[in-house]
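> Quick note, the sequences are listed as chains W and F, same order.
Residues 1 to 237 (the working numbering) make up the first sequence, in order.
Residues 1001 to 1298 (the working numbering) make up the second sequence, in order.
Mixed in with the good hints there might be a few duds.
[Claimed, not checked] Subject to a maximum C-alpha distance of 30 Å in a straight line, what follows is the list of computed DSS-like cross-link-like pairs (lysine-lysine): (1) K1218(F) <-> K197(W); (2) K84(W) <-> K219(W); (3) K20(W) <-> K1255(F); (4) K1255(F) <-> K1195(F); (5) K1255(F) <-> K87(W).
[To be verified] With the C-beta cut set under 8 Å, the calculated list includes, among others, these residues of chain F facing chain W: (6) K1034; (7) Q1036; (8) P1041; (9) S1055; (10) Q1059; (11) V1060; (12) K1284; (13) V1287.
[Stated by the list, open to error] Ranges between beta-carbon positions, derived for each pair: (14) P220(W) <-> P1271(F): 43 to 49 Å; (15) A120(W) <-> Q1059(F): 19 to 25 Å; (16) L1047(F) <-> G208(W): 55 to 61 Å; (17) D1160(F) <-> Y199(W): 17 to 23 Å.
I should point out that these hints are in silico values taken from the structure, not numbers from a laboratory.
C-beta: ideal position from N, C-alpha, C; glycine also.
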Amino acid sequence: MSSINQIPVINTKRGNPLSKVFDELVRFCRSRSLFILHYCTGCGAIELPPAMTSRFDMERLGIQPMVSPRQADILLITGYVSIKTLKRVILTYEQMGSPKYVIGICSCTVNGGMYWQSYATAKKLDEYMPVDLYIAGCMPRPEAVIAGLQQLMDRIHSGEANSWEDYFRNYDYYLGNQQKLFGDNWQTPTDILTEAKHYNLMGEGTFGEHTRLLEQHQKPLEALDMRLGNNLKEPTE
Amino acid sequence: MAPMELILELTLMPLVAFLVGMMMVLMMRRIAAKIQRRVGPPLLQPLYDIVKLHSKRTQVSHGLIHDIGIIMAMGGYIAAETLLPVPGMNGIAEKGGIITLLYLMMIPSLGLALGVGQCANPNGSIGIARALTAMLAYDIPLVIVIFGVAYAAGTTNLVDIIAQQQAGGFAAWGAVEMPLLAIAGLIAMHASLGKQPFEIYIAPAEIATGPMVEMSGKYLGGLFVMQCFQLYTTSVLYVSLFLGGGSTWFDFLLKSFLVLAIPVSIAYLFPRYRTEDLLRLMWKWPVMLGLIGVAFVL
């Protein structure tokens, strides 16, 4: 970025004088109502039930568990992420509606933790998806989890927690790291590139060599075969 | 009635229903929290949830019918509110009657079935099949109860039924005159709320909230709004049929919140039945109580 003229300016000016009040209301409501989806990969999962139930009670902060990625705002990864699990984590993350936030709990999501030398574990979670907050510890106690969630609430309220846009703006980087692990023909059911175009979330890093590789072999999504009796068809490849 | 006044009432009644419904959702969650020895959500939590869900940036739609289904689910209840008299406002209740109201209260389930059908999610399909089965289960005692009340009052006009009860005082209340029908109605109402032990179609641990599984953003927000209307409609219908409606707003709100507190307090103490157990239970006890109650009325 050599000159200031090259920095892209996004026109966010809105005509309505009440839009600032409205944005403030929306940010406040977003910060006070968080639905979490806990993807319990490791030992950190054991600290979540006490955080939700009568001892620490997350619901008084407006945080409640949800069961499907479509409904959730926060993806909690609670432990080490093996490469096989990482595929599912990415599919889950891409299905969530934006704005969405990722929290990595336990040391294993930060740097691999005690699985540092394992060949089958993804070491740093933020190479594969933008992470808003890490709660380190092995494992962090419920107080630490709730303190971390409160920190995230503050960041959402002040408008800083927008790393979900980073996934669209730098998709090439994340896709490159994913392709390094899963092979060149890695494709998820969610078409991130089309979504980035549709919601005008494209940045300089949206397209690159890795997305070109994806577009070469990308198969269009097809509707499910709804016929009865033919559902056990063998995959064609 | 002047047309302007009617339009004002038709606008105000769903709005009031929405506000009261949000308080009912809050009450439900607070009762659950108290039973589980928690603090519970803050005062405006239902509002935060609805605003947040409607302000999501990316929306996942599965097609036109998915959109229309959610509109039907909300619209059915919004139409039902204009047929439910509240103190000072009758809306079109005198022209509609209970039978229209019963039809309108079925529309949300059908709208949901349409919308969920297009998601092509197996959990959603199982959920909506169970929701329609549950509707089959609780509608039979509900229809028997409503027939009994309407026969005793000699009219299907909800305004007249309330007026008769209020004219006779406490002794003329439906719950005092027809206690068996009132008990059967309470069980049917509990099942129609879809709370434990009749929670067969939500079942988060088994089918991942059933019909809601593919709903995100605005769609889930629409269902949250629908839940507010659902709680309001069922409790106000019960109050109108059995507890003499409300002569003042204080009276009316007190009765509707108290009535709703009964199934909600029971709900968080129990796990849930299986689908066939629900059918067997609903077609045995409330139907039996309702039929004996109708026999007394006849």
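> The structure should be examined with respect to each hint, and the outcome stated for every one.
Here's how the hints hold up against the structure:
no.	hint	result
1	K1218(F) <-> K197(W)	holds, 21 Å
2	K84(W) <-> K219(W)	holds, 22 Å
3	K20(W) <-> K1255(F)	violated, 41 Å
4	K1255(F) <-> K1195(F)	holds, 20 Å
5	K1255(F) <-> K87(W)	violated, 53 Å
6	K1034	violated, 10 Å
7	Q1036	holds, 6 Å
8	P1041	holds, 5 Å
9	S1055	holds, 4 Å
10	Q1059	holds, 7 Å
11	V1060	holds, 6 Å
12	K1284	violated, 32 Å
13	V1287	violated, 33 Å
14	P220(W) <-> P1271(F): 43 to 49 Å	holds, 44 Å
15	A120(W) <-> Q1059(F): 19 to 25 Å	violated, 37 Å
16	L1047(F) <-> G208(W): 55 to 61 Å	violated, 42 Å
17	D1160(F) <-> Y199(W): 17 to 23 Å	violated, 54 Å
In the structure shown, a violation is registered for the earlier hints numbered 3, 5, 6, 12, 13, 15, 16, 17, in ascending order.
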